[in-house]
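Visitor: Protein chains in written order, with the numbering used here: chain A, 1 to 125; chain B, 1 to 125.
Be aware that a few hints might be false.
[Said to hold, decoys possible] Listed next, with one range per pair, are the computed distances between beta-carbon atoms:
#1 A:74 x B:75: 37 to 45 Å
#2 A:109 x B:31: 48 to 56 Å
#3 B:68 x A:27: 31 to 39 Å
#4 A:31 x B:90: 19 to 27 Å
#5 B:94 x A:95: 33 to 41 Å
#6 A:71 x B:84: 36 to 44 Å
#7 B:71 x A:74: 39 to 47 Å
#8 B:25 x A:74: 45 to 53 Å
#9 A:58 x B:68: 35 to 43 Å
[As the list claims (entries may be wrong)] Rough simulated footprint, nothing fancy, chain B against chain A, three-plus residues with beta-carbon under 8 Å:
#10 14–28
#11 72–83
#12 87–93
#13 99–108
Read the hints as simulated data drawn from the structure, not as lab findings. Ideal Cβ placement from N, Cα and C applies to all residues, glycine included.
Protein chains: 2
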Amino acid sequence: MIADGQQHANEAAVTFVNKFTVHASPDEFERIFLDTAEFLGKQPGFLRYTLLKHIDDQNSYMNIADWRDIESFRRALSQPGFTPHAEALRAVSTSEPNLYTFRQSFTSDSGVPPTRATPAKSYRP
Amino acid sequence: MIADGQQHANEAAVTFVNKFTVHASPDEFERIFLDTAEFLGKQPGFLRYTLLKHIDDQNSYMNIADWRDIESFRRALSQPGFTPHAEALRAVSTSEPNLYTFRQSFTSDSGVPPTRATPAKSYRP
Numbered sequence: 001m002i003a004d005g006q007q008h009a010n011e012a013a014v015t016f017v018n019k020f021t022v023h024a025s026p027d028e029f030e031r032i033f034l035d036t037a038e039f040l041g042k043q044p045g046f047l048r049y050t051l052l053k054h055i056d057d058q059n060s061y062m063n064i065a066d067w068r069d070i071e072s073f074r075r076a077l078s079q080p081g082f083t084p085h086a087e088a089l090r091a092v093s094t095s096e097p098n099l100y101t102f103r104q105s106f107t108s109d110s111g112v113p114p115t116r117a118t119p120a121k122s123y124r125p
Numbered sequence: 001m002i003a004d005g006q007q008h009a010n011e012a013a014v015t016f017v018n019k020f021t022v023h024a025s026p027d028e029f030e031r032i033f034l035d036t037a038e039f040l041g042k043q044p045g046f047l048r049y050t051l052l053k054h055i056d057d058q059n060s061y062m063n064i065a066d067w068r069d070i071e072s073f074r075r076a077l078s079q080p081g082f083t084p085h086a087e088a089l090r091a092v093s094t095s096e097p098n099l100y101t102f103r104q105s106f107t108s109d110s111g112v113p114p115t116r117a118t119p120a121k122s123y124r125p
């Protein structure tokens with residue numbers, strides 16, 4: 001499990017973090033998000049995503065998605081098939097998207113010190 | 001890998017997402033963060049963390065940490081040994097902490113539909 005976790009973390013050159021504020025029903029948002037994720041999950045370079053819901057705010061969500069490289073991520077979002085998903089999400093929510101690179105990771109069952117990104121992945125757009 | 005990913009996602013009842021704005025050198029912040037993570041990594045209920053750095057803003061970081069339950073998370077932060085770490089982080093950064101619960105997850109090599117949280121984990125503090 002540890003090896004997997006570290007491999008996952010290190011192979012993800014870019015992590016897309018998107019905070020959603022939902023103005024429809026949370027169930028409707030989650031259904032639309034699942035459809036979107038199924039589309040993105042088929043695109044080259046997609047690694048994984050997790051959708052989280054704020055504990056105190058039923059209308060606040062966070063999507064954390066790992067991609068192998070930024071080019072794959074941008075290519076996926078520029079696919080014509082993505083447009084209806086993006087429109088459906090915009091119809092029920094506003095979002096604050098940001099892109100990050102990996103710096104450190106540690107999984108509890110590893111028994112080894114945290115992993116550090118070396119050298120720093122310093123992507124410049 | 002898929003099974004691990006799904007197990008990880010589902011066993012994490014709570015995900016702590018903390019956005020840091022750093023006003024010291026990024027290297028100094030990362031060193032302090034690593035010390036803090038080493039302390040938290042030894043606490044019961046800690047599952048894993050990832051520290052990410054914003055692609056366009058050298059002073060912006062995101063910590064994403066999974067905990068088995070919210071009680072473990074709060075107990076860890078109330079340990080006397082955590083205080084110097086919290087003070088060291090506050091000396092070099094400001095933070096925006098939030099707590100989330102798991103809703104959906106999907107890993108690209110699974111070949112199966114996304115995992116959904118059922119029933120919804122609706123923790124109320």
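Visitor: A separate judgement is required for each hint: does it hold in the structure or not?
Guide: To see whether the hints hold, each was checked on the structure:
For residue 74 of chain A and residue 75 of chain B, the Cβ-Cβ distance of about 42 Å falls inside the hinted range of 37 to 45 Å, so the restraint holds. Between residue 109 of chain A and residue 31 of chain B the beta carbon distance is about 24 Å. The supplied range of 48 to 56 Å is therefore violated. Look at residue 68 of chain B against residue 27 of chain A: about 26 Å separates their beta carbons, and that is not inside 31 to 39 Å. With their beta carbons about 40 Å apart, residue 31 of chain A and residue 90 of chain B fall outside the hinted range of 19 to 27 Å.
In this structure the hint that residue 94 of chain B and residue 95 of chain A lie 33 to 41 Å apart at CB is violated, the actual value being about 23 Å. For the pair residue 71 of chain A and residue 84 of chain B, the supplied restraint of 36 to 44 Å holds, since their beta-carbon distance comes to about 42 Å. Taken as a hint, the range 39 to 47 Å holds for the pair residue 71 of chain B and residue 74 of chain A, whose Cβ atoms sit roughly 41 Å apart. The hinted window of 45 to 53 Å between residue 25 of chain B and residue 74 of chain A is violated, with their beta carbons roughly 30 Å apart.
Checking the proposed 35 to 43 Å range against residue 58 of chain A and residue 68 of chain B shows it is violated: the Cβ atoms sit about 23 Å from each other. Taking a C-beta to C-beta cut-off of 8 Å, the segment 14–28 of chain A contributes 3 residues in contact with chain B, enough for the three needed, and the coverage statement holds. A stretch counts as covered by a chain when three or more of its residues have a beta carbon under 8 Å from one of that chain; for the segment 72–83 of chain A and chain B the count is 0, and the coverage is violated. With 0 residues having a Cβ less than 8 Å from any Cβ of chain B, the segment 87–93 of chain A misses the three-residue criterion, and the hint is violated.
Three residues within the 8 Å Cβ limit are the bar, and the segment 99–108 of chain A against chain B gives 10, so the coverage statement holds.
Of the numbered hints stated above, those contradicted by the structure are hints 2, 3, 4, 5, 8, 9, 11, 12, listed in ascending order.
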